Amino acid sequence: MDANLVQEAIQNVNLSAIMPSLVLSGFGMVLLLVSVFSPRGKTTHVAWLSFIALIVTALVSLGSWNNPQAGFAGSVVLDNFATFFSMTCIIAAGLTILMSDGYLKREGYPVGEYYTLVLFTTAGAMWMASGTDLMTIFLGLEVLSVSLYVLAGFFRDQTRSNEAGLKYFFLGAFSTGFLLYGVALLYGVTGTTKIAGIAEYVQANPATTTNIMFVAGGLLLLTGFLFKVAAAPFHMWTPDVYQGAPTPITAFMSAGPKAAAFAAFIRVTIIGLDSMQADISAVFWILAVLTMTIGNFVALGQKDIKRMLAYSSISHAGYALVGLVAWNEIGLTGIMFYMLVYTFMNMGAFAVLVLIGKKGEENLTIDGVAGMGYKRPVLAIALSIFLFSLMGMPPTAGFAGKFYIFAGAVKAGYIWLAVLGVLNSAVSLYYYLKVMVSMYFKDAEEDFGWVSMNAATAISIVIAIVGVLVMGMVPGPFMEMAKLAGF
Amino acid sequence: MADNLLSLMTFFPLLGMLFVLFIPRDNDGLLKGFTLVVTLITFVISLPLAFDNVFATSGGMHYREFHEWINIGGFFQMNYNLGVDGISLWLVMLTTFIMPIAVLSTWKAVEKNSKGFMALLLLLETGMLGAFVSLDLFLFYIFWELMLIPMYFLIGIWGGKNRIYAAVKFFIYTAVGSLLMLVAIIFVYYYAVQSGALINGFGIQEFYKLNLPYHAQYWLFLAFGFSFAIKVPMFPLHTWLPDAHTEAPTAGSVILAAVLLKMGTYGYVRFAMPLFPDALPTFIPLLATLSVVGIIYGSLVAMMQEDVKKLVAYSSVAHLGFVMLGVFAMNMQGMAGGMIQMINHGVSTGALFLIVGFIYERRHTRMITEFGGLAHKMPVFATIFLIVTFSSIGLPGTNGFVGEFLALMGAFEGGLRWYAVVATTGVIFAAVYMLWMYQRVMMGTVTNPANESLKDLSAREVVVMLPLLVFVFWIGVYPNTFFDKMNPAMEQLLTQMGHKPAIVEVHHPAAIPAAHAVEHAPAAHGHN
Amino acid sequence: MYSNLWLIPFFPLVGSIINGLLGKKIKNEKVIGGLATLMMFCSFLVACQNFFRLMGDSVKTHQVVIGSWMSVGNLQIDWGFLLDPLSAVMIMIVTGVGTLIHLYSIGYMHGEVGFYRFFSYLNLFACAMLMLVLGNNALVMFIGWEGVGLCSYLLIGYYFEKKSAGDAAKKAFVVNRVGDFGFLCGLFTLFWALGSKGVWTVNFVEITENAHLLQTGGLLVTVVTLCFFLGACGKSAQIPLYTWLPDAMEGPTPVSALIHAATMVTAGVYMIGRMNILFAMAPTTMMTVAIVGAATAFFAATIGLAQNDIKRVLAYSTVSQLGYMFLAMGVGAFSAGIFHLMTHAFFKACLFLGSGSVIHGMHHAYHHAHLHDDPQDMRNMGGLRKKMPITFITFLVSTIAISGIPLFSGFFSKDEILWWSFGSNRGHWLLWIIGAVAAGMTAFYMFRLVFMTFFGEQKTDARAKDHIPESPLTITIPLMILGLLAVIGGYIGIPAILGGSNRFEHWLEPVFGEALEMHHIAAHGAHATEYALMGISVAIAIIGIFVAWTMYIKNPELPAKFTAKFAGAYRLIFNKWFIDELYDFLFVNPCKRIGTFLWRGFDVKVVDGVVNGVAWVTKGIGAGLRYTQSGYLHNYAVAMVVGVVVIVGYYVFG
Amino acid sequence: MISVHHYLLLSAILFSIGTLGVLTRRNAIVIFMCIEVMLNSVNLTFIALSKHVGNMDGQVFVFFVMTVAAAEAAVGLALMIAFFKNKESIDVDDFNMLKW
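Residue numbers (the numbering used here), protein chains in the order written: chain A, 1 to 487; chain B, 1001 to 1528; chain C, 2001 to 2654; chain D, 3001 to 3100.
Keep in mind the hints are simulated off the structure, nothing from the lab.
Keep in mind it's a predicted model, so treat the numbers as computed, not measured.
No residue lacks a Cβ here, since even glycine has one placed at the ideal position from N, Cα and C.
Careful, some of the hints might be misleading.
To be verified - With a straight-line Cα cutoff of 30 Å, these simulated DSS-like cross-link-like pairs (lysine-lysine) come out:
id	chain 1	residue 1	chain 2	residue 2
1	A	442	C	2162
2	C	2162	C	2025
3	D	3085	A	42
4	A	358	D	3099
5	B	1455	C	2027
6	A	442	B	1455
7	C	2163	B	1377
8	A	303	B	1112
9	A	105	D	3099
10	C	2162	C	2605
What the hints assert, rightly or not - Computed from the model, here is a short list of chain A residues facing chain C with C-beta under 7 Å:
id	residue
11	298
12	300
13	374
14	378
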């Protein structure tokens, strides 16, 4: 083993490139021990510690804004793009933790590992966001997924939770298989797993684009991501898992990991498979429409708000895909912005659900919130704001997000796609309105007991509202940030 | 003051709303009083516009306000771009004028958590004013959508028994249209950008200048026109209106009729028509036909209604038919008729809804058959009702006539001769359904014992009606107050749309040969 | 110089407003009625002043502009008044007769609950009517035009608790609206027609001056005039739009006298006179006008033969007389038409007021005897001449006048019309025959009325018969004045042939002369023929009177026989030829049916059905798609695999 | 001489077997085994291709895959046990409580 090889390797290892996830993982392990040695049922301090951990991580990763760091022979890079998505995930995780403490106590699972798992998920998400090598992306994906499997099935003695966990696990692993096979094929053709490397190879010999192995590999790889972002026809796990999982986790899944998945998705597609743009746009056009339509139409008939929001998140993935179809700067920036916005509005909605849910959450149905507008006016207004944002009503952030994405589509000439998109959001109005109808236009059948109001959750809601409104009224700075994050 | 008058006017109600949120919910009087004061102050703020003579002299935009709002280099620029001209002026005034009346009308009508009601009213006012004064399509769209939300709750929470259906229908129906318009807006913007036009933001004045290819204009006009046609509403997109009107609380109906419907017509005049002038001729036959159908159809359907409020709602369809017909005439008379008819409809139909509200508060029913002979019990009410009825019928000397006459004449002088002739029959039908309703409600003997104990209008209710009556006659007798400030803007608009505003020599009674002596009465001022 | 013209409509307006707002407070009938009458009298004085000033003036056309009303683009409309011989005559009639009727009303309406309301309306009507006749452009005229419509609506519906009154009022307004439709269309066409020649105007003077721009007898001018004529038909109750006038008798009698006899209903005639230049240019229209007029005159007269309600008889006679006026206008006898308008205003007002006086008396009697018989039914009257002599005499005089007996006002005007309808180059001998026969019938039914009411033995219920008083002075004074006018009113227009110098015609010459000579409209014929025709028409009238006498005085059982003999014909005319029923069948019911269908059948089912249908379908699709989400792991996995296979396959093999 | 294609073919067949297994089998453990088969077929592909293209990345990848697979196995089995405690069954058709 000659020395300069090792030397080179040592130099290539640039820890600052993975510093945020490193910090987070470190905190996670420490907290694991803390929670082991802390008395049973006492988890509040763990929660706050993990929150602090996230803040620290946030500071660390923000530190590398505008000074990209590459590491591990270019298989990890901490550029603005990565940072942006990492921040999104961190925000998601932070909100999750804020809303979890009271929730876990109510549901009777005051267990510290929960928080460490959230942290690990976040770490994995950050890996995905910053991975430039299919290998690192795969690792991040798995770290994220494995922790999420556990979190989804976290309520051990609730069958719903188990089921959610298992379904997620099996389908996740299944899709991993495809993803890996795709990676293998790409590797076989190009001889590398580096995204940039693949692109270079294709540039060097264009014949590759017609190579069946290459095309098939690329598409198999993409299906893996499509599964994670819950795009039709790979969306089917979403409603069940979202419904079964603990509400904060559902919120988290709908925001953080999805954002990370989109990060990797974008990086791979735009850089690695740039050569296949035409084909990919064509197929994603259809997938986007399919996803939006299925999400919205099925949501119309839902009774359970959690499940309804699950379907709505499918449709929102569809909107995001529109941006990817557009394949232009504004479209991609739109996606980033949208993911950020979506984190706030969706998690805010779930936070409200966390508060108004009883133990076992059997009352999180549309009729369950009847009359809430008068019984819990503030919460009702908050939920309404989030729902309006999800509808895409100005002046909320949801409108801005949709606007940019559809703008991207229109600019790229996909006018019909945009039209179908807006028509879909017109359909979506109905089921969002249904919640408000029940909250305001109907009288409460029975008084739903005292909401287990706690400061942390309230804070998370406030943060979400501020985010939704600020990004709605002055989206400028955030868009600028997203623009800088693009490449 | 003058340089940010519009912002002040637009956002003052919003400010008021924030305060309302902090008033204890059980203090009903304070809530309503405060809201009334806020709306009155807003009216006062807007008054300088009405008295400013600049509108009479130049047709351009005045009271401009321009700030960069959102600017994402290379992607977009949205500006906070306000302004008002002769076309929007009177609609703004109508809004600020009708709001206090609407608030007053809630005094007895709204008991159930009036706090929310007042807050929503104020939010709504901001939305409406904003939509009228914004010159940036993006900004306009935001206000436009912002109006939906409060109205949705007003109908849904304080409405009648079928309110949920009505509210949701209203919301989704109007939203569908506006969402398509959104796509169109984006397209126009990018077309402008790609055609290298010098535009910053979505400012309509820049958009007026760029000439899109016909086929693009075709689709864009379709999108805009569809959205506005729903709002107007034009036949056959009108069915949300009767539901919304019948279910909405009185104040809601008044605002809906007086202002929200005008958004549609205003949208045509301000956006759809001048932005896509080449496509316009293609659509005018269709739109004119729909307007005429709307007139006849609305009248016939109104004639057979059993619910007074529904009757008035359908009559709105007919009235707005006149507005649209006049606007599509593309000449001064037509435009002026259309514009003034918008105001008239606001005044008259608003008044009618108030009147319906009065009897509804007393009897909690609106079925015509429930009434009869009310004139005995409520003479004052009867008189006011009669005046409003005839103004709605369009009796000369009242506002209704000026609008309908000019709209029809404009249509006739313009290319729409036969449409005008058919539409003129609407004049007959209007008399039929209004008078029949009046007869069945007010005339005859009191048959229903429930009506025996009816009280005549209270002082408050009379105060609510008086300002409207003043305008009924003002517009009827001296509409020039309004035309003087409208005309320049309309001339500019028409020239801009490539239509000569048909200014032939403005003749003068003095111009008639000396064979006939002409004298001017001492009171001959203001005559031109 | 004429700048105080605006005062004429202004005074009544003030009166109306004061009474309308404060009448309830004032209560005192003397004050209310007095004020209203005073206001009318003031405007009468102003009218006189202007009238005489105009007589002495060489320039016969004067416009006074108060201010601009609408100025939009090339449409400039002023609040302007026009004084020329025609409008001068009209204001004299309106204010003069109006004042008398106001005075009359004080007595007649005594004790009414809505006393102040009545006078407020009446004044408002006067104001509107004066606007109509004084307006210097079609729009100001139209204000009056619709204003009088409004007032007649209000006054017919004065007893609004009676359903019949409400219906009649509505009918009157709606039918008038049909006319207004014509008026507006005509106005639009005219404005456009002249405008396309470069003169955008609705001003009468300018229209008259620029009419020559249009092609004589051309389609345009014909259409314009026909449209305006439709308007006139509505206002002046001509076929086919006359049906509202008889029903309008639901209003108080003074209203019938003022609005539905003397003034408003003649507005149509006035309007044609105003636009005579245009009508003269359109022979087709003139012919139509003449025919419609003659037909109406005849047709209404037939119905008049069989009515028993004293006011209805007068109503149909009014329709018939208006027919004469239109006949006159149609054959180019403009001044004769206006002349008849004036004389008719005198004697018909007098007749109505007389009938009112009778009804008043009957009512008083029945009231006294607590009976509820119909005080308007002539079959309950008879022999009243002793009870109320003044009423009787004035009534008789007017009846003679309307029957066209020489030396009474009606004779001159009617005869002039008949002569023109025969001799004018726009006339035709058939028109003359119809007119003459109608004159005969008029004489018959009018005297039938007189005989049934004032002669024979008293058929009133025994308990009431002795309590029928003569009416108070406020009622009788107007009667006497009008009676006098009914006699002498004609002398200002004695035709040349009878040694007169037809002052009236000369007075109107500045208005009509131009049109007449430009289009060579004149009545030619030998004096012999004229005398002959005159004689014949008088003879026919006398025959009519004689028949009436034989039937209702000599042997009163005759009518019963006749009705039994010609039962069918009798039922037909008694039921007014079933025209109302026909209209209901043709227009009213279909409209209602269509409306109901459009609402319940179309609007709710189809239009709204589509809207809700879309929502329903959407939901349906959603519900369907839901079941793809079966909850079974395998289905999910299958879906994924299928997805992969399709996507990959699409590329690899597609 | 056995070329890389044979390896690829074999692994493709294995992958398909695994996929079909997942689609057809009911027992959760068996399904999980099938997934393992898929992953291992992928490993086989990697190794073959790594030999073919001549760099070590593929083989490195295989190690990661194996580790991950182990981790997944742990989590998956844990979840199945938890489910078994509640439902006394590991038949995948028994967990369809969440649907529509």
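Hints and how they fare:
1. Pair hint residue 442 of chain A plus residue 2162 of chain C does not hold up; C-alpha atoms about 47 Å apart against a cutoff of 30 Å.
2. Pair hint residue 2162 of chain C plus residue 2025 of chain C holds up; C-alpha atoms about 26 Å apart against a cutoff of 30 Å.
3. Distance check on the hinted pair: residue 3085 of chain D and residue 42 of chain A sit about 26 Å apart at the alpha-carbon level, within 30 Å; holds.
4. The suggested pairing of residue 358 of chain A with residue 3099 of chain D holds, with an alpha-carbon distance near 22 Å, which does not exceed 30 Å.
5. For the hint linking residue 1455 of chain B to residue 2027 of chain C, the alpha-carbon distance of about 22 Å falls within 30 Å, and the restraint holds.
6. A hinted pair counts as satisfied when its Cα atoms are at most 30 Å apart, and residue 442 of chain A with residue 1455 of chain B does not qualify at roughly 33 Å.
7. Restraint check: the Cα-Cα separation between residue 2163 of chain C and residue 1377 of chain B comes to about 17 Å, which is no more than 30 Å; the hinted pair holds.
8. Between residue 303 of chain A and residue 1112 of chain B the CA atoms are separated by roughly 29 Å; this keeps the pair inside 30 Å, and the hint holds.
9. Between residue 105 of chain A and residue 3099 of chain D the CA atoms are separated by roughly 28 Å; this keeps the pair inside 30 Å, and the hint holds.
10. Distance check on the hinted pair: residue 2162 of chain C and residue 2605 of chain C sit about 38 Å apart at the alpha-carbon level, beyond 30 Å; violated.
11. The criterion of a C-beta within 7 Å of any C-beta in chain C is met by residue 298 of chain A, whose closest approach is roughly 5 Å, and the hint holds.
12. For residue 300 of chain A, the suggested interface contact is upheld, since its CB lies about 4 Å from the closest CB of chain C, less than 7 Å.
13. Hint status for residue 374 of chain A relative to chain C: violated, with the closest Cβ pair at about 28 Å, above 7 Å.
14. About 32 Å separates the beta-carbon of residue 378 of chain A from the nearest beta-carbon of chain C, more than 7 Å, and the hint is not met.
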